[in-house]
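With these hints in hand, go ahead and build the complete structure from the sequences.
These protein sequence lines are chains B and Y, in that order. Basically this note's numbering = 1-based index in the first sequence + 51. Basically this note's numbering = 1-based index in the second sequence + 169.
Note that these hints are calculated values from the structure, not bench results. For glycine and all other residues, C-beta sits at the position ideal for the given N, C-alpha and C.
For lysine-lysine, the following DSSO-like pairs were computed, each having C-alpha atoms within a straight-line distance of at most 30 Å: (1) K97(B) / K223(Y); (2) K111(B) / K223(Y); (3) K111(B) / K209(Y); (4) K223(Y) / K185(B); (5) K223(Y) / K253(Y); (6) K223(Y) / K178(B); (7) K209(Y) / K140(B); (8) K223(Y) / K147(B); (9) K147(B) / K176(Y); (10) K251(Y) / K111(B).
Looking from chain Y toward chain B, a few residues come up when the C-beta cut is under 10 Å (computed): (11) P177; (12) L178; (13) E179; (14) R182; (15) K209; (16) G212; (17) V213; (18) S217; (19) R219; (20) L220; (21) K223; (22) I224; (23) S225; (24) G295.
If you want the building blocks of each chain, they are given just below.
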Amino acid sequence: MEREMIPQNQFEPVIVAFCCHYCAYAAADLAGVMRLQYPTNIRIIKLPCSGTIDVLHILKAFELGADGVYVAGCLEGGCHFIEGNIRAKRRVEDAKAILDAIGLGSERLEMFFMSSSEGVRFAEVAKEMTEKIKELGPSPVRR
Amino acid sequence: MIVAEQKPLEEIRKMVEPYDRVLILGCGTCVAVCFAGGDKEVGVLAASLRLADKISGREQLFSEHTVERQCEWEFLDGIEEKVKNVDAILSLGCGVGVQAVSEQFPDIPVLPGLNTLFMGMPVEEGIWAERCAGCGNCILDKTGGICPIARCPKGLVNGPCGGYRDGKCEVDPTRDCAWVLIYERLKKMRRLDELYALQPLKDYFKMGHPRSITL
Numbered sequence: 052m053e054r055e056m057i058p059q060n061q062f063e064p065v066i067v068a069f070c071c072h073y074c075a076y077a078a079a080d081l082a083g084v085m086r087l088q089y090p091t092n093i094r095i096i097k098l099p100c101s102g103t104i105d106v107l108h109i110l111k112a113f114e115l116g117a118d119g120v121y122v123a124g125c126l127e128g129g130c131h132f133i134e135g136n137i138r139a140k141r142r143v144e145d146a147k148a149i150l151d152a153i154g155l156g157s158e159r160l161e162m163f164f165m166s167s168s169e170g171v172r173f174a175e176v177a178k179e180m181t182e183k184i185k186e187l188g189p190s191p192v193r194r
Numbered sequence: 170m171i172v173a174e175q176k177p178l179e180e181i182r183k184m185v186e187p188y189d190r191v192l193i194l195g196c197g198t199c200v201a202v203c204f205a206g207g208d209k210e211v212g213v214l215a216a217s218l219r220l221a222d223k224i225s226g227r228e229q230l231f232s233e234h235t236v237e238r239q240c241e242w243e244f245l246d247g248i249e250e251k252v253k254n255v256d257a258i259l260s261l262g263c264g265v266g267v268q269a270v271s272e273q274f275p276d277i278p279v280l281p282g283l284n285t286l287f288m289g290m291p292v293e294e295g296i297w298a299e300r301c302a303g304c305g306n307c308i309l310d311k312t313g314g315i316c317p318i319a320r321c322p323k324g325l326v327n328g329p330c331g332g333y334r335d336g337k338c339e340v341d342p343t344r345d346c347a348w349v350l351i352y353e354r355l356k357k358m359r360r361l362d363e364l365y366a367l368q369p370l371k372d373y374f375k376m377g378h379p380r381s382i383t384l
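Take a look at the structure:
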């Protein structure tokens with residue numbers, strides 16, 4: 052993840068997307084099959100369920116230089132493991148509180164819900180997050 | 170088990186500010202169960218402090234280690250190597266653990282990363298409640314296994330008081346009145362007549378500090 056310093060106007064963020072195997076990861080696959088274009092800034096990490104995400108994974112991503120992180124799980128009520136996505140949502144909220152406390156800003160972290168049939172939604176989320184992080188600028192951890 | 174919660178990050182940062190090399194020492198027993206000071210919490214705190222340092226430009230070295238129990242010498246004997254080159258130890262143990270670590274390593278400042286709260290249990294997912302006040306004179310046999318010292322804000326031994334409403338406590342209406350719980354439990358066991366017996370004045374001398382026992 053280490054890169055040379057890039058001028059602000061050419062800033063291309065690195066965004067880590069923790070994606071659930073049963074929904075967001077399949078949606079990413081579908082986005083590919085549908086030949087949808089989405090920013091190349093997204094680095095996908097596949098999870099067996101979004102509920103396996105830990106605050107530590109999120110913080111480590113930021114520590115290693117990610118400009119933004121998001122967790123994508125199944126639609127609420129649609130988790131393969133019943134409530135993994137709800138647990139993930141709570142952990143993302145905990146991590147957001149830490150990011151605010153240390154001055155990194157909670158807006159660099161988000162949680163999204165989608166189903167495996169939502170390839171278009173996956174591409175939209177990737178674009179939305181990339182634009183948001185571009186606006187926020189590089190992570191102060193890398194400065 | 171002993172229940173504790175982590176101090177606010179800002180307070181912890183102020184405590185560790187004067188030191189360049191800090192060992193964050195977790196405890197794998199009570200405080201690990203209540204998600205305050207176990208291996209995972211050590212990792213999260215270390216990552217948070219490193220991130221905060223990177224943002225503020227301060228350079229500190231945070232090492233991580235967790236022992237099975239901070240409150241026993243045997244478990245602290247093995248960490249001498251870990252504390253050799255540190256300026257301070259940030260203990261994520263309860264107050265007992267912090268004191269044991271500082272007694273074991275008297276030359277190194279030991280900082281408390283947690284606020285120790287009470288003796289209790291997880292009553293449901295994510296909720297821990299106080300169950301024992303350590304009064305030194307247990308009367309649970311007479312109160313249907315429900316402790317009025319720990320669970321009644323007034324610690325009444327001959328309750329309830331006149332303030333309860335609809336089975337809830339007047340001090341905190343979201344909480345069940347301990348004495349109503351006791352009444353219901355004894356009623357279920359057909360032991361209500363036992364409540365006629367007046368409990369003698371409680372000997373609070375046994376709650377005085379510091380306490381110790383010798384076998």
